[in-house]
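Fit chain B to the supplied structure of chain A, relying on the hints for placement.
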Amino acid sequence: MILTALADGSQHGYGIIADVQEISGGQVRLRPGTLYTALDRLRADELIGVDREEIVDGRLRRYYRLTPAGTKRLAAEAARLQAHATVALTRLDPAGGMAT
Amino acid sequence: MTDQANLERAYRRLLAWYPREFRRENGEEILAVLMASAPPGQRRPGLAESADLICNGLWMRLRPSVPRSARTVRAAVRLMYAGAAVSTVNLIMLVAVIAVIRARHAVLGHSLTAAQVSKFNALGITVWIVWSLIPIALWLWMALANGCGRNWARILSTVLFGFATLDLTGPFGTPGIRVSAVPVVFGPAVPVLTWLVGLAVVWLLWRPASGAFFKPPGHTQAQHQAQMADRAHQAQMAELARIRSTRGTVPA
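Chains as they are written, first to last, in the numbering used here: chain A, 1 to 100; chain B, 1001 to 1252.
It cannot be assumed that every hint is accurate.
[Stated by the list, open to error] Not everything, but these chain A residues come out facing chain B in the computed CB check (under 8 Å):
1. Gly-13
2. Thr-37
3. Arg-61
4. Tyr-63
[Unchecked claim] If the Cβ cut is set under 8 Å, some of the chain A residues that face chain B in the computed set are:
5. Tyr-14
6. Tyr-36
7. Arg-52
8. Ile-55
9. Gly-58
10. Arg-59
11. Ala-79
12. Gln-82
13. Ala-83
[Unchecked claim] Just the calculated beta-carbon pair ranges, DEER-fashion:
14. A:Glu-53 - B:Ala-1137: 38 to 44 Å
15. B:Ala-1051 - A:Arg-52: 41 to 47 Å
16. B:Pro-1191 - A:Ala-85: 49 to 55 Å
17. B:Pro-1039 - A:Ala-85: 32 to 38 Å
18. B:Trp-1131 - A:Gln-21: 27 to 33 Å
19. B:Met-1093 - A:Glu-22: 17 to 23 Å
20. B:Arg-1043 - A:Thr-71: 38 to 44 Å
21. A:Ala-76 - B:Ala-1241: 42 to 48 Å
Derived by calculation from the structure, the hints in this document are not laboratory data.
Every residue gets a Cβ at the ideal spot worked out from N, C-alpha and C, and that includes glycine.
With the rest of the complex left out, here is chain A:
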């Protein structure tokens, strides 16, 4: 989900929280502690990197972006979920699945 938030450009921490909330339709509200544990993990695995740093209103703001490896991982993950969803929809409605 964090990777999805970064898919269309770099974002800073607060932007990611807001974006994840929007993507999930308000279901997921990341807390800063959780977010930065996840970001640290993703950085260690080199799926994301720091894009740039800014100082806004006297506070540090760091923008993150996907690395090529992160883009690949997100694409693979999305494809997997899509395949899963397709199977589920087909089984729920075999006739409709065949019609389309």
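The following block gives chain B in isolation, referenced to the frame of chain A:
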């Protein structure tokens, strides 16, 4: 002092749960996000928010920070946490057993001999529990130190494993501290299990693949880089402080 400054101080205290390294790298940024998320008029961190920071901070301190490339060391560190978990479960079960035996004794009166009863007196049990906490602490300490790539930790782990072997085989055991009823209940399963975990850990730590993690090439170079990063960080913080003082966003 304003509400905002109070809130910031409270958040800083919560951030102290994180490892220093992580705080240096991300602290200011997390603080910025926390302050931006706080609704106006909030004076202190919420309960859920505090719990989230404390849990994540502790997790950051305890989780193995071994890169994926060093697979054998990662496995060894995980096994050491498993060893700590087994020792903890074992301790809890033994305490439960003692409680049961004491309760039975109270009901049955003199069915136990005086010598057996004396082993279950309160002081003896307290000493024994404290003694049992030592292996748990050692497991955790070794997991952390090995996870940081300290070569002395690898050597100390091996020495400790040697002691565990002697303890298991008997001659250097500490009979005074063992509770005699316990091996009857559980048999030697738990000591043997922990010993096997230890064996696997030592084997993994001394695999050729682990060597690179404990003796990174160009160690001095890495130290130098860390120093440079530190200086860059200090410069950044100075810049932040300068901007703050000129704008006066945070009252001194």
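Hints and how they fare:
1. Gly-13: holds, 4 Å
2. Thr-37: Holds, about 5 Å.
3. Arg-61: holds, 6 Å
4. Tyr-63: Since the shortest Cβ distance to chain B is 10 Å, the answer is violated.
5. Tyr-14: With a closest approach of 5 Å, the Tyr-14 of chain A hint holds.
6. Tyr-36: The hint holds - Tyr-36 of chain A has a Cβ within 8 Å of chain B, the shortest such distance being about 5 Å.
7. Arg-52: Cβ of Arg-52 of chain A sits 13 Å from chain B, so the hint is violated.
8. Ile-55: holds, 6 Å
9. Gly-58: This interface hint holds because 4 Å falls under the 8 Å limit.
10. Arg-59: holds, 4 Å
11. Ala-79: violated, 23 Å
12. Gln-82: Nearest chain B Cβ about 27 Å off; hint violated.
13. Ala-83: violated, 26 Å
14. A:Glu-53 - B:Ala-1137: 38 to 44 Å: The hinted range 38 to 44 Å holds for Glu-53 of chain A and Ala-1137 of chain B, with Cβ atoms some 40 Å apart.
15. B:Ala-1051 - A:Arg-52: 41 to 47 Å: Since the Cβ atoms of Ala-1051 of chain B and Arg-52 of chain A sit about 32 Å apart, the hinted range of 41 to 47 Å is violated.
16. B:Pro-1191 - A:Ala-85: 49 to 55 Å: Given range 49 to 55 Å: holds, Cβ gap about 50 Å.
17. B:Pro-1039 - A:Ala-85: 32 to 38 Å: Holds - the Cβ-Cβ distance for Pro-1039 of chain B and Ala-85 of chain A, about 37 Å, lies within 32 to 38 Å.
18. B:Trp-1131 - A:Gln-21: 27 to 33 Å: Between Trp-1131 of chain B and Gln-21 of chain A, where Cβ atoms are some 50 Å apart, the hint is violated.
19. B:Met-1093 - A:Glu-22: 17 to 23 Å: violated, 48 Å
20. B:Arg-1043 - A:Thr-71: 38 to 44 Å: holds, 42 Å
21. A:Ala-76 - B:Ala-1241: 42 to 48 Å: At roughly 44 Å between Cβ atoms, Ala-1241 of chain B and Ala-76 of chain A fall inside 42 to 48 Å, so the hint holds.
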